[in-house]
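Start from the sequences and build out the full structure, keeping to the hints where you can.
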Amino acid sequence: MAREPQGGTVMTEISINSADLPWERAENYPDGTMRKTLRKDSSGNPLTMLLKLPPGFAMDEHSHVVTEHHYLLEGEYEVKGEIFRAGQYHLISQHTDHGPFRSANGALLLVIWES
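Heads up: the sequence shown at position 65 corresponds to 65 in this note's numbering, and the numbers run straight through without jumps.
A hint or two may mislead.
Here are the in silico distance ranges between beta carbons for each label pair [to be verified]:
| hint | residue 1 | residue 2 | range |
| --- | --- | --- | --- |
| 1 | Gly99 | Arg39 | 21 to 29 Å |
| 2 | Glu13 | Asn105 | 35 to 43 Å |
| 3 | Thr12 | His69 | 17 to 25 Å |
| 4 | Ile14 | Lys80 | 30 to 38 Å |
| 5 | Ala19 | Asn45 | 33 to 41 Å |
In short, the hints are calculated from the structure, not lab data.
Glycine included, each C-beta is placed from N, C-alpha and C at the ideal position.
This is how it looks when you write it as structure tokens:
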């Protein structure tokens with residue numbers, strides 16, 4: 001580990017086997033949405049996670065104060081008529097209204113938030 005000038009500890013490398021992590025309910029998402037948190041900020045908020053959208057997933061338009069990255073691993077979701085499928089990457093800049101999101105058959109995606 002490296003040290004920040006102010007004395008705080010900085011993580012320089014992390015390695016996780018997601019198969020060892022439990023699925024947990026994804027707070028602030030519709031019922032049935034599950035997540036595996038891969039990395040958290042100093043307050044314990046997720047920064048990197050696997051997000052599992054259940055069949056019938058629907059989430060209204062919203063925005064964030066950070067940039068959001070999605071990489072679809074399985075399935076697909078729709079945003080304003082555009083379909084995103086496994087293998088596609090979706091970047092949403094901070095303060096950008098995005099959504100509504102829909103997934104008829106569910107999806108698995110890697111989500112990363114950055115300030």
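Checked hints:
{"no.": "1", "hint": "Gly99 - Arg39: 21 to 29 Å", "in the structure": "24 Å, holds"}
{"no.": "2", "hint": "Glu13 - Asn105: 35 to 43 Å", "in the structure": "36 Å, holds"}
{"no.": "3", "hint": "Thr12 - His69: 17 to 25 Å", "in the structure": "21 Å, holds"}
{"no.": "4", "hint": "Ile14 - Lys80: 30 to 38 Å", "in the structure": "34 Å, holds"}
{"no.": "5", "hint": "Ala19 - Asn45: 33 to 41 Å", "in the structure": "23 Å, violated"}
Checked against the numbered hints listed earlier, the structure breaks hint 5 alone; every other hint is satisfied.
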